[in-house]
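2 protein chains.
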Amino acid sequence: MSITHPAGFTAAGVHAGLKSNGNLDLALVQNLGPTFDSASVFTANRCKANPVLWSQEVVKDGVVRAVVLNSGGANCYTGPEGFQTTHAVAEKVAEKLGIGAVDVVVCSTGLIGLANPRQNLLDGVEAAYAALSADGGADAGRAIMTTDSVPKSVVLTRGAPGQEWSIGGMAKGAGMLAPAMATMLVVITTDAVVPAPVLDQALRASTRVSFDRLDSDGCMSTNDTVTVMASGASGVTPTPAEFTEALQEACISLAKQLLADAEGADHEISITVVNAASEDEAVEVGRSVARSNLFKAAVFGNDPNWGRVLASVGTTQAAFDPADLDVAINDVWVCKQSTPAADPATVDLKPRHVTVTIDLKAGDATATVWTNDLTHAYVHENSAYSS
Amino acid sequence: MSITHPAGFTAAGVHAGLKSNGNLDLALVQNLGPTFDSASVFTANRCKANPVLWSQEVVKDGVVRAVVLNSGGANCYTGPEGFQTTHAVAEKVAEKLGIGAVDVVVCSTGLIGLANPRQNLLDGVEAAYAALSADGGADAGRAIMTTDSVPKSVVLTRGAPGQEWSIGGMAKGAGMLAPAMATMLVVITTDAVVPAPVLDQALRASTRVSFDRLDSDGCMSTNDTVTVMASGASGVTPTPAEFTEALQEACISLAKQLLADAEGADHEISITVVNAASEDEAVEVGRSVARSNLFKAAVFGNDPNWGRVLASVGTTQAAFDPADLDVAINDVWVCKQSTPAADPATVDLKPRHVTVTIDLKAGDATATVWTNDLTHAYVHENSAYSS
Chain A
1 MSITHPAGFT AAGVHAGLKS NGNLDLALVQ NLGPTFDSAS VFTANRCKAN
51 PVLWSQEVVK DGVVRAVVLN SGGANCYTGP EGFQTTHAVA EKVAEKLGIG
101 AVDVVVCSTG LIGLANPRQN LLDGVEAAYA ALSADGGADA GRAIMTTDSV
151 PKSVVLTRGA PGQEWSIGGM AKGAGMLAPA MATMLVVITT DAVVPAPVLD
201 QALRASTRVS FDRLDSDGCM STNDTVTVMA SGASGVTPTP AEFTEALQEA
251 CISLAKQLLA DAEGADHEIS ITVVNAASED EAVEVGRSVA RSNLFKAAVF
301 GNDPNWGRVL ASVGTTQAAF DPADLDVAIN DVWVCKQSTP AADPATVDLK
351 PRHVTVTIDL KAGDATATVW TNDLTHAYVH ENSAYSS
Chain B
1001 MSITHPAGFT AAGVHAGLKS NGNLDLALVQ NLGPTFDSAS VFTANRCKAN
1051 PVLWSQEVVK DGVVRAVVLN SGGANCYTGP EGFQTTHAVA EKVAEKLGIG
1101 AVDVVVCSTG LIGLANPRQN LLDGVEAAYA ALSADGGADA GRAIMTTDSV
1151 PKSVVLTRGA PGQEWSIGGM AKGAGMLAPA MATMLVVITT DAVVPAPVLD
1201 QALRASTRVS FDRLDSDGCM STNDTVTVMA SGASGVTPTP AEFTEALQEA
1251 CISLAKQLLA DAEGADHEIS ITVVNAASED EAVEVGRSVA RSNLFKAAVF
1301 GNDPNWGRVL ASVGTTQAAF DPADLDVAIN DVWVCKQSTP AADPATVDLK
1351 PRHVTVTIDL KAGDATATVW TNDLTHAYVH ENSAYSS
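Those sequence lines, one after another, are chains A and B. The first sequence begins at 1 in my numbering and counts up by one. The second sequence begins at 1001 in my numbering and counts up by one.
Check the hints yourself; a few may be wrong.
[Claimed, not checked] Computed list of lysine to aspartate or glutamate pairs in EDC-like fashion (alpha-carbon distance at most 20 Å, straight line):
(1) Lys-361/A <-> Glu-284/A
(2) Lys-336/A <-> Glu-1081/B
(3) Lys-361/A <-> Asp-280/A
(4) Lys-1019/B <-> Glu-1381/B
(5) Lys-1336/B <-> Glu-81/A
(6) Lys-1361/B <-> Glu-1284/B
(7) Lys-1019/B <-> Glu-1126/B
(8) Lys-350/A <-> Glu-1381/B
(9) Lys-1256/B <-> Asp-1212/B
(10) Lys-1361/B <-> Asp-1324/B
(11) Lys-1350/B <-> Glu-381/A
(12) Lys-256/A <-> Glu-245/A
[As the list claims (entries may be wrong)] For each label pair, taking beta carbons as the anchor points, the in silico distance ranges come out as:
(13) Ser-20/A <-> Asp-1343/B: 16 to 24 Å
(14) Leu-122/A <-> Lys-1350/B: 38 to 46 Å
(15) Glu-1279/B <-> Ala-127/A: 49 to 57 Å
(16) Thr-1157/B <-> Asp-324/A: 45 to 53 Å
(17) Asn-330/A <-> Lys-1350/B: 39 to 47 Å
(18) Gly-1022/B <-> Asp-348/A: 32 to 40 Å
(19) Gly-79/A <-> His-1353/B: 26 to 34 Å
(20) Ala-205/A <-> Ala-1341/B: 39 to 47 Å
(21) Ala-115/A <-> Thr-1346/B: 16 to 24 Å
(22) Ser-20/A <-> Lys-1350/B: 56 to 64 Å
(23) Ser-278/A <-> Gly-1022/B: 49 to 57 Å
(24) Ala-127/A <-> Ala-1341/B: 30 to 38 Å
[Said to hold, decoys possible] Reference excerpt, derived from the structure (chain B facing chain A, CB under 7 Å, subset only):
(25) Asn-1045
(26) Cys-1047
(27) Asp-1217
(28) Thr-1222
(29) Ala-1297
(30) Pro-1340
(31) His-1353
(32) Leu-1374
(33) His-1376
(34) Ser-1383
Rather than coming from a laboratory, the hints here were simulated on the basis of the structure. Beta carbons are placed, not taken as given, at the ideal position from N, Cα and C, and that holds for glycine.
Please work from the sequences and hints to get the whole structure.
Here you go:
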């Protein structure tokens, strides 16, 4: 059910003719209210796709009543013509739903530099409108898939009996994780009553510890969008802390599903930095390792190469003593005080899940960054995608 | 001849038993004077190898009389014991040459996290001392190779008849280029009379436009060292500008040789950023593209994927209008004003050399950054190296 589990939402997924294989490729999600509070975060890439340019204006007033998403084309670097396509799609959704286009978020994903066929999209909106239903979440989730092997969704329920409220979410792709797709799109719904400013704070607190900590190859998408909408249909108003906790759990669940489905990956790598001077520094150090092609290729080769971990840590500005770093791989402390410790041969890297722990001995902050290994399949996938 | 082409230098390369295949693995270069001016640059990695920790102290007074280099072990992350090995090697060189250990630069390259066998190194210094000769440059160049397929060297001669002076250089590996080696080591000699402060300025001006613009995989070595020594044996004092021009040419030649020999690479990619607001911003933009695994995998697949170029440019803080960027690949302008232009199918990416030109339309500064494609061979090489 995902995004249609919370009360007050309908959704649909249809085939608009963008994908040549006939699969679903256009999704529509409507918030029926009574509240229309929302919050969004977008890619930090300065070269943004047209749907992002449109949507970042839409969300500024904290009101979103519908999200329309298509796979099969990112509508990125397609110029004014492409922007007009995004605008036309939003207008069509608005016309069908009897709302304003300025309350319609548009998301696109697929190849960049190719125009999306406008008429297909407009016809697809008509079809999706006709198909909107309170159990359309699953179809919507499939319609946003590109090379995802499975749809990603989450449902959480909170509150005492009679006071229940819930969160639903769907996600596609993997931003930098499965970068052939070049985009991560996430829509989250809740039937709790949550004013837009609280939603915004909660969303930023949640993406900070979930999607922002996925880093497969350091490449930043042009289309990433995460939108949360609150319908208020449950009539329940959780405290900001309660809501934030639940939204974080939902986002972390979706992020881990993206990690698990990353194309071409043989390993899922969790890099945890402990005893950092600050959380930001812990993230900086974790990310430096997550972006080391050398370390990631070593993991692919089942080689617990802690020297490549230290070489990455050394590129950061975080507080630490270069001569006093400890590194564990799968809980085996192969490096103590920046010198060899336990025998690396005792580290078994065959299982899919790998943990790296780096002790900076500089404070008490901790953060975990997630990545994948660098594999032949990654190179193959990304060298063959658009040719 | 390389480093022994300039007058006033002797060199040798011997087998000290570090490489199991019996190849040369220890090199010694001596400056016979009459001047002993020098300058060096080292890796910016904070987790530096022991030879770098030693050598950066040695070079502070601008005097270096010998450089000893070994392949077969980086002596990195080997703790105080490893530092003592570096120190002992410098002392042994000093004893044999009748100079102070504080004038001996030590360089090591090979696997990190493994102790170098101290006695082999000391015995190797004895052998290298015995073999020092005015035509030992070629042996020295071979002794510093790790997975290099060919030695890299350069010789330049300058000056009017009777006033000639020359520069010689040798290089190994490729720092980030052929990262299995994890290190770029460069020794440059000249028989010109060049005071240490001029050498230092000239060296920084030269590495800035040569080695610093090589970026294969974004990974920063722990052992990179570039040392230049001036013997003054020609008796000729070039102007600082003359010397800097020649040193730049020598460094660019060596950098391009490193690029050409990068392991696992099918393509050499020159990324030139034009009309940037500053040279620093041009380099920032070029480096962002050089570090895009997505773009580099596309080049491996002979796919002129300019969308991935723009997506990388968008991650920088350089001045430009995201809606007005032009991109050429092999001189075909496939993107104008951030939209599709010439048909990418007309770009032939089969040749080894690839040029990418990015027009920022924000000023008049230009810079070129060099990289390679991301290939199956890269993944193989770096997943299999130490296991």
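Structure-based check of all given hints:
1. Among the hinted pairs, Lys-361/A with Glu-284/A is consistent with the structure: their alpha-carbon atoms are about 15 Å apart, no more than 20 Å.
2. Proximity of Lys-336/A to Glu-1081/B is assessed by CA-CA distance (about 14 Å); at most 20 Å being required, the pair is judged to hold.
3. Taking the CA atoms of Lys-361/A and Asp-280/A, the gap is about 15 Å. The hint holds against a cut of 20 Å.
4. This hinted pair checks out: Lys-1019/B and Glu-1381/B have alpha carbons roughly 18 Å apart, not beyond 20 Å.
5. Restraint check for Lys-1336/B and Glu-81/A: satisfied, since their Cα atoms lie roughly 14 Å apart, inside the 20 Å limit.
6. At roughly 15 Å between alpha-carbon atoms, Lys-1361/B and Glu-1284/B fall within 20 Å of each other, so this suggested pair holds.
7. Using a Cα cut-off of 20 Å, the hinted pair Lys-1019/B and Glu-1126/B holds, with the two alpha carbons roughly 17 Å apart.
8. Proposed proximity of Lys-350/A and Glu-1381/B is supported: the alpha carbons are some 19 Å apart, at most 20 Å.
9. At most 20 Å may separate the alpha-carbon atoms for a hinted pair to count; Lys-1256/B and Asp-1212/B meet this at roughly 12 Å.
10. At roughly 8 Å between alpha-carbon atoms, Lys-1361/B and Asp-1324/B fall within 20 Å of each other, so this suggested pair holds.
11. Note on Lys-1350/B and Glu-381/A: the hinted pairing holds, with a Cα-Cα distance of about 19 Å set against a maximum of 20 Å.
12. A hinted pair counts as satisfied when its Cα atoms are at most 20 Å apart, and Lys-256/A with Glu-245/A qualifies at roughly 17 Å.
13. Here the CB-CB span from Ser-20/A to Asp-1343/B is close to 21 Å, well matched to the stated 16 to 24 Å.
14. With their beta carbons about 41 Å apart, Leu-122/A and Lys-1350/B fall inside the hinted range of 38 to 46 Å.
15. About 53 Å separates the C-beta atoms of Glu-1279/B and Ala-127/A, a value consistent with the hinted range of 49 to 57 Å.
16. Judged by the Cβ atoms, the range 45 to 53 Å given for Thr-1157/B and Asp-324/A holds: they are separated by roughly 49 Å.
17. Roughly 43 Å separates the CB atoms of Asn-330/A and Lys-1350/B, a value that falls within the hinted 39 to 47 Å.
18. Distance hint for Gly-1022/B and Asp-348/A: a CB-CB separation of about 34 Å, consistent with the stated range 32 to 40 Å.
19. Here the CB-CB span from Gly-79/A to His-1353/B is close to 31 Å, well matched to the stated 26 to 34 Å.
20. At about 43 Å, the CB distance of Ala-205/A to Ala-1341/B agrees with the hint of 39 to 47 Å.
21. Checked against the hint of 16 to 24 Å, the pair Ala-115/A and Thr-1346/B passes, with Cβ atoms roughly 19 Å apart.
22. Checked against the given bound of 56 to 64 Å, the beta carbons of Ser-20/A and Lys-1350/B, roughly 28 Å apart, lie outside it.
23. Taking the beta carbon of each, Ser-278/A and Gly-1022/B are about 51 Å apart, inside 49 to 57 Å as hinted.
24. Distance hint check for Ala-127/A and Ala-1341/B: the Cβ-Cβ separation is about 34 Å, which falls inside the suggested range of 30 to 38 Å.
25. A distance limit of 7 Å between C-beta atoms decides the matter here; for Asn-1045/B the minimum to chain A is near 4 Å, and the interface restraint holds.
26. Taking 7 Å as the C-beta cut-off, the interface hint given for Cys-1047/B holds, the closest approach to chain A being about 3 Å.
27. Satisfaction of the interface hint for Asp-1217/B is found here, the shortest Cβ-Cβ separation to chain A being roughly 4 Å, below the 7 Å cut-off.
28. Interface restraint check for Thr-1222/B: the shortest CB-CB distance to chain A comes to about 5 Å, inside 7 Å, so the restraint holds.
29. Interface restraint check: Ala-1297/B against chain A, minimum CB-CB distance 4 Å, threshold 7 Å, status holds.
30. At a threshold of 7 Å, the smallest CB-CB gap from Pro-1340/B to chain A is about 5 Å, leaving the interface hint in force.
31. Evaluation of the His-1353/B hint against chain A yields a violated restraint, the C-beta minimum of about 18 Å exceeding 7 Å.
32. Because the closest C-beta pair between Leu-1374/B and chain A is about 6 Å apart, less than 7 Å, the hint holds.
33. The criterion of a C-beta within 7 Å of any C-beta in chain A is met by His-1376/B, whose closest approach is roughly 5 Å, and the hint holds.
34. Taken as an interface hint, Ser-1383/B checks out: its beta carbon lies about 3 Å from the nearest beta carbon of chain A, inside 7 Å.
Checked against the numbered hints given earlier, this structure breaks hints 22, 31; the rest are met.
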